[in-house]
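Engineer: The chain contents come next:
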Amino acid sequence: MRLIVPLQGVVQGRGGLFVGSLIPCCLFYFLQLYLKRRRSPPPPPDSSDSTTAELPRTSSRSSLFTRGNSSIGRVRVSSRAAPLAKPPDSAYYIGLERVKTDPYDRVSNRDGIIQLGLAESTLCFDLLQRWMSDNLMDSLMMQSDADGGFDVSSIAMYQPFEGLLEVRVAFADFMSRIMGGNVSFDPSNMVITAGGTPAVEVLAFCLADHGNAFLIPSPYYPGFDRDIKFRTGIELIPVHCRSADNFTVTVSALEQALNQARKRGSKVSGILFSNPSNPVGNILSRETLHAILSFAQEKNIHVISDEIFAGSVYGEGKEFVSMAEVAASAAAASSGEFDKSRVHIIYGLSKDLSLPGFRTGVIYSFHEDVISAAKKLMRFSSMPVPVQRILISLLSDTRFIDEYMAAHRQRIRDKHFLFVEGLKQLGIPCAESGGGLYCWVDMSSLLTSYSEKGELELFEKLLSVAKINATPGTACYCIEPGWFRCCFTALADEDIPVIMERIKLLAESSTS
Amino acid sequence: MVALTAAKQDQNLLSRMAAGDGHGENSAYFDGWKAYEENPFHPIDRPDGVIQMGLAENQLCGDLMRKWILEHPEASICTAEGVNHFSDIAIFQDYHGLPEFRQAVAKFMEKTRNNKVKFDPDRIVMSGGATGAHETVAFCLANPGDGFLVPTPYYPGFDRDLRWRTGVNLVPVTCHSSNGFKITVEALEAAYENARVSNIPVKGLLITNPSNPLGTTLDRDCLKSLVKFTNDKRIHLIADEIYAATTFGESEFISVAEVIEEVPDCNRDLIHIVYSLSKDMGLPGLRVGIVYSYNDRVVQIARKMSSFGLVSSQTQHLIAKMLSDDDFVDEFIRKSKLRLAARHAELTTGLDGLGIGWLKAGAGLFIWMDLRNLLKTATFDSEMELWRVIVHKVKLNVSPGGSCHCNEPGWFRVCFANMDHKTMETALERIRVFTSQLEEESLKLTKPMAAPPMVAKKKMCWQSSLRLSFKDTRRFDEGFFSPRSPVPQSPLVRAQI
Numbered sequence: 001m002r003l004i005v006p007l008q009g010v011v012q013g014r015g016g017l018f019v020g021s022l023i024p025c026c027l028f029y030f031l032q033l034y035l036k037r038r039r040s041p042p043p044p045p046d047s048s049d050s051t052t053a054e055l056p057r058t059s060s061r062s063s064l065f066t067r068g069n070s071s072i073g074r075v076r077v078s079s080r081a082a083p084l085a086k087p088p089d090s091a092y093y094i095g096l097e098r099v100k101t102d103p104y105d106r107v108s109n110r111d112g113i114i115q116l117g118l119a120e121s122t123l124c125f126d127l128l129q130r131w132m133s134d135n136l137m138d139s140l141m142m143q144s145d146a147d148g149g150f151d152v153s154s155i156a157m158y159q160p161f162e163g164l165l166e167v168r169v170a171f172a173d174f175m176s177r178i179m180g181g182n183v184s185f186d187p188s189n190m191v192i193t194a195g196g197t198p199a200v201e202v203l204a205f206c207l208a209d210h211g212n213a214f215l216i217p218s219p220y221y222p223g224f225d226r227d228i229k230f231r232t233g234i235e236l237i238p239v240h241c242r243s244a245d246n247f248t249v250t251v252s253a254l255e256q257a258l259n260q261a262r263k264r265g266s267k268v269s270g271i272l273f274s275n276p277s278n279p280v281g282n283i284l285s286r287e288t289l290h291a292i293l294s295f296a297q298e299k300n301i302h303v304i305s306d307e308i309f310a311g312s313v314y315g316e317g318k319e320f321v322s323m324a325e326v327a328a329s330a331a332a333a334s335s336g337e338f339d340k341s342r343v344h345i346i347y348g349l350s351k352d353l354s355l356p357g358f359r360t361g362v363i364y365s366f367h368e369d370v371i372s373a374a375k376k377l378m379r380f381s382s383m384p385v386p387v388q389r390i391l392i393s394l395l396s397d398t399r400f401i402d403e404y405m406a407a408h409r410q411r412i413r414d415k416h417f418l419f420v421e422g423l424k425q426l427g428i429p430c431a432e433s434g435g436g437l438y439c440w441v442d443m444s445s446l447l448t449s450y451s452e453k454g455e456l457e458l459f460e461k462l463l464s465v466a467k468i469n470a471t472p473g474t475a476c477y478c479i480e481p482g483w484f485r486c487c488f489t490a491l492a493d494e495d496i497p498v499i500m501e502r503i504k505l506l507a508e509s510s511t512s
Numbered sequence: 001m002v003a004l005t006a007a008k009q010d011q012n013l014l015s016r017m018a019a020g021d022g023h024g025e026n027s028a029y030f031d032g033w034k035a036y037e038e039n040p041f042h043p044i045d046r047p048d049g050v051i052q053m054g055l056a057e058n059q060l061c062g063d064l065m066r067k068w069i070l071e072h073p074e075a076s077i078c079t080a081e082g083v084n085h086f087s088d089i090a091i092f093q094d095y096h097g098l099p100e101f102r103q104a105v106a107k108f109m110e111k112t113r114n115n116k117v118k119f120d121p122d123r124i125v126m127s128g129g130a131t132g133a134h135e136t137v138a139f140c141l142a143n144p145g146d147g148f149l150v151p152t153p154y155y156p157g158f159d160r161d162l163r164w165r166t167g168v169n170l171v172p173v174t175c176h177s178s179n180g181f182k183i184t185v186e187a188l189e190a191a192y193e194n195a196r197v198s199n200i201p202v203k204g205l206l207i208t209n210p211s212n213p214l215g216t217t218l219d220r221d222c223l224k225s226l227v228k229f230t231n232d233k234r235i236h237l238i239a240d241e242i243y244a245a246t247t248f249g250e251s252e253f254i255s256v257a258e259v260i261e262e263v264p265d266c267n268r269d270l271i272h273i274v275y276s277l278s279k280d281m282g283l284p285g286l287r288v289g290i291v292y293s294y295n296d297r298v299v300q301i302a303r304k305m306s307s308f309g310l311v312s313s314q315t316q317h318l319i320a321k322m323l324s325d326d327d328f329v330d331e332f333i334r335k336s337k338l339r340l341a342a343r344h345a346e347l348t349t350g351l352d353g354l355g356i357g358w359l360k361a362g363a364g365l366f367i368w369m370d371l372r373n374l375l376k377t378a379t380f381d382s383e384m385e386l387w388r389v390i391v392h393k394v395k396l397n398v399s400p401g402g403s404c405h406c407n408e409p410g411w412f413r414v415c416f417a418n419m420d421h422k423t424m425e426t427a428l429e430r431i432r433v434f435t436s437q438l439e440e441e442s443l444k445l446t447k448p449m450a451a452p453p454m455v456a457k458k459k460m461c462w463q464s465s466l467r468l469s470f471k472d473t474r475r476f477d478e479g480f481f482s483p484r485s486p487v488p489q490s491p492l493v494r495a496q497i
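Just so you know, the protein sequences line up as chains A and B, in that order.
Here the first sequence is numbered in this note's numbering, starting from 1 and rising by one per residue.
Here the second sequence is numbered in this note's numbering, starting from 1 and rising by one per residue.
Source of the hints: derived by calculation from the structure; they are not laboratory data.
Bear in mind the structure is a predicted one, so any value in this text is a computation, not a measurement.
Where is the CB? At the ideal position from N, CA and C, for every residue including glycine.
Keep in mind that the hints are not guaranteed to be accurate.
What the hints assert, rightly or not - Here are the simulated lysine-lysine pairs, DSBU-like style, with alpha carbons at most 35 Å apart:
| no. | chain 1 | residue 1 | chain 2 | residue 2 |
| --- | --- | --- | --- | --- |
| 1 | B | K116 | B | K34 |
| 2 | A | K100 | B | K224 |
| 3 | B | K224 | A | K461 |
| 4 | A | K86 | A | K100 |
| 5 | B | K304 | A | K467 |
| 6 | A | K86 | B | K67 |
| 7 | B | K304 | A | K267 |
| 8 | A | K504 | A | K229 |
Unchecked claim - Pair by pair, the computed Cβ-Cβ distance ranges are:
| no. | chain 1 | residue 1 | chain 2 | residue 2 | range |
| --- | --- | --- | --- | --- | --- |
| 9 | A | K299 | B | F30 | 47 to 55 Å |
| 10 | A | R264 | B | S27 | 17 to 25 Å |
| 11 | B | V185 | A | S79 | 27 to 35 Å |
| 12 | A | S79 | B | D94 | 24 to 32 Å |
| 13 | B | N373 | A | G211 | 50 to 58 Å |
| 14 | A | S188 | B | E346 | 52 to 60 Å |
| 15 | A | G317 | B | I44 | 56 to 64 Å |
| 16 | B | R334 | A | D414 | 52 to 60 Å |
| 17 | B | E186 | A | K267 | 45 to 53 Å |
| 18 | B | N373 | A | S184 | 29 to 37 Å |
| 19 | B | G353 | A | S188 | 46 to 54 Å |
| 20 | B | D325 | A | R264 | 57 to 65 Å |
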């Protein structure tokens with residue numbers, strides 16, 4: 001009303017009532033338009049999925065004058081869910097989707113797209129399969145009832161959501177074994193989850209509020225964008241690492257990123273990193289880990305170490321050291337001054353034991369309250385009981401585990417050698433790596449322009465011409481163009497020359 | 001390294017969500033669980049332990065399940081017969097789920113709805129149990145601060161599952177015992193208005209059908225009116241049908257999937273079903289939750305979120321095989337219903353004999369027991385007092401109506417499907433003893449120089465010709481609390497000491 005009266009006053013004399021009413025109406029119209037635009041825009045129609053059952057859209061103008069948001073138009077989903085309905089824009093996911101349309105098969109589809117974008121290993125399935133068929137029915141049925149027969153309630157009924165004590169004990173022993181044997185894990189500091197994905201999300205929910213941020217050395221695993229940002233509202237701030245340092249994070253880079261974040265008004269709650277790192281595959285030294293811890297202690301923030309590739313270390317002379325070990329020794333050395341309850345570890349069996357389908361994850365934390373909260377959150381993502389029973393058997397068979405891990409490491413090493421050598425023959429170098437199921441390849445010599453645009457063009461050419469899905473560095477927030485992650489542990493030896501041939505042809509066609 | 005005091009370090013280090021009470025486990029109602037965990041009943045080792053009647057688990061058909069698993073080793077992938085599938089299954093982590101798993105679940109959902117409706121396997125999205133399914137649906141449909149209408153009484157877990165990480169509010173739709181706790185349009189409108197006045201944008205209505213904790217099923221007209229209500233308001237209708245196959249007797253379960261075919265111009269983009277195998281198949285340990293939505297976008301989004309709670313591929317494979325075995329499934333459902341009916345009858349006959357009322361219902365793994373007449377006063381404090389007596393003295397963990405947001409004190413949910421016949425007998429015996437003790441107390445107090453104790457002990461109350469129904473004790477209650485009464489305390493408080 002305050003706006004209308006002076007306006008009416010202004011236009012009085014010439015059709016005053018009409019214009020005096022029209023102007024506020026126009027202002028109201030533009031206000032509605034502005035507010036409507038500020039709300040999340042409706043997602044574009046999806047080409048990849050089946051048609052949505054949309055209501056016919058009426059003229060947008062008429063919708064502006066209706067009250068509330070429950071009028072005509074499409075049925076709304078929540079504003080945090082709406083972006084998920086859009087087709088993926090990250091090359092990581094685009095590549096994975098494209099492979100599904102035309103997957104390579106060395107027998108039936110030799111011209112298909114070869115998958116180098118998914119970090120999974122099939123190298124030791126023969127060993128696992130044999131163990132399963134020899135042992136499994138026993139382990140699944142290992143609990144007997146009063147009559148000595150199989151007690152079905154032992155796999156079918158509700159059990160504590162954070163995992164049976166036996167499975168946590170089994171994981172604690174296993175993790176200690178594969179992480180060098182100098183660190184011990186306490187089962188009561190552990191929570192078992194349905195995969196590494198919920199493990200990361202749950203930790204994020206526990207350690208930071210909506211709007212807070214984690215520092216994350218880049219290049220980093222693209223899946224973290226989904227795991228951390230989707231539902232928690234926590235931001236990820238990349239801390240760029242350089243090829244000159246072999247992409248190892250430095251404290252000065254962390255310091256700089258933190259200061260910049262603070263200037264922007266962002267509250268940084270922690271540092272998240274993978275070790276062995278993904279996508280580069282380098283293993284952080286004890287000194288680097290110690291430096292990260294000191295930094296975190298000084299700034300009073302959390303440290304989350306994703307160690308999901310800990311058992312996949314193949315580099316000669318490379319030693320994997322868990323953050324748990326460094327934290328424990330730092331606390332002991334400082335007589336309790338260093339607070340190790342800021343340290344949290346993520347683990348799972350998807351990579352080291354090639355069981356991604358089983359959904360096995362671990363949150364390990366020195367902070368009692370985090371474990372207490374995480375336990376309660378496990379109701380949303382707990383590991384099914386039959387799988388727990390299987391794992392108790394599997395992980396406790398230390399003789400098999402030792403045999404398996406030795407073979408796993410050796411076979412990755414052999415495959416890595418073949419792959420990297422093949423690339424070297426083509427004049428394509430790789431970063432130095434000692435862990436993981438992939439290598440970090442420098443394809444900058446194949447770029448038409450040394451830029452993100454050039455890299456994405458190369459990515460598209462690799463997909464459509466060379467028929468290879470490799471994850472471009474842009475998707476991993478790498479600041480230097482031309483780097484690609486190539487996963488090689490699902491390849492047979494005979495696939496490698498095929499890949500090299502295709503890359504050679506692509507290189508030749510782009511230089512000609 | 002800079003040393004910081006422990007207090008200062010802790011202050012800012014945990015998120016609000018983790019440090020808060022959203023998990024609900026600090027509520028007084030957890031005392032029952034704690035009492036059970038500290039002293040769980042076992043017929044031989046702990047005959048005086050607390051009997052768990054607060055957990056809705058279906059253990060009545062474990063023998064059928066066991067037999068099938070032993071006879072079908074190929075379903076387990078981890079046996080000589082099944083291991084040729086091992087590598088494909090172990091590596092499979094596509095959030096679409098195994099096609100055969102979705103097809104088998106769709107078929108099972110059809111069977112449990114008497115094949116009156118078809119389910120599309122491509123609309124089936126996995127989640128970490130029904131718990132995960134509810135949370136996923138809340139994330140998809142509502143923003144922090146939005147609300148869902150939920151008819152009371154409702155499953156206490158909703159307070160946590162729908163609200164904790166999502167920031168969504170629950171707005172109760174009050175239902176009354178006077179009409180059997182039916183959901184009325186008036187109550188829905190009143191709740192909708194309450195939300196509006198409190199500035200909570202309502203995004204959906206969540207119903208549980210068959211109901212938890214009531215065990216009742218919604219009739220066709222009621223379902224239609226709910227569909228119409230939500231359509232008119234353009235809010236989502238989320239139907240939790242987790243107890244679909246637990247109907248017995250003459251009770252008929254009608255799914256919302258059936259009703260939407262009969263409502264003209266129903267906007268299906270607003271209809272979603274939450275399902276699970278935890279209750280119907282008695283497999284809560286497998287963590288199989290399902291979101292079934294008629295809205296393509298919701299299916300797409302929920303599928304992406306399912307990464308946070310995928311069903312293990314080993315489980316998918318097992319369930320795909322199991323639920324494709326038509327003979328087994330048909331027999332399982334048939335026998336499950338018969339056994340539920342029998343166990344239900346055992347409990348309710350026993351309660352009838354003691355004059356304890358219960359809401360007439362024919363589904364679910366529990367009954368809604370009426371102990372209003374045993375309350376000192378018609379208040380929730382009184383209900384808590386009675387509940388504590390039941391947990392600590394009678395040693396039965398039951399769920400008080402207050403925890404289910406019932407508007408009227410005195411109701412209790414009592415689960416019966418997680419125990420064998422002997423345990424049920426023991427539970428009934430304890431109730432018998434409790435009620436006869438109450439009777440004795442009330443007799444003693446009204447006639448202080450009364451007949452010798454023998455008279456009270458000799459006959460059980462249902463045998464006595466002076467049969468004491470619990471309605472009658474109210475007369476004695478009134479005497480207690482009159483200013484003239486020499487005895488200031490009711491027998492319930494005495495029993496507690």
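Engineer: Looking back at the hints listed earlier, which ones does the structure fail to meet?
Structural biologist: Going through the list in order, the structure violates hints 1, 2, 3, 6, 8, 9, 10, 14 and 18 and respects the others.
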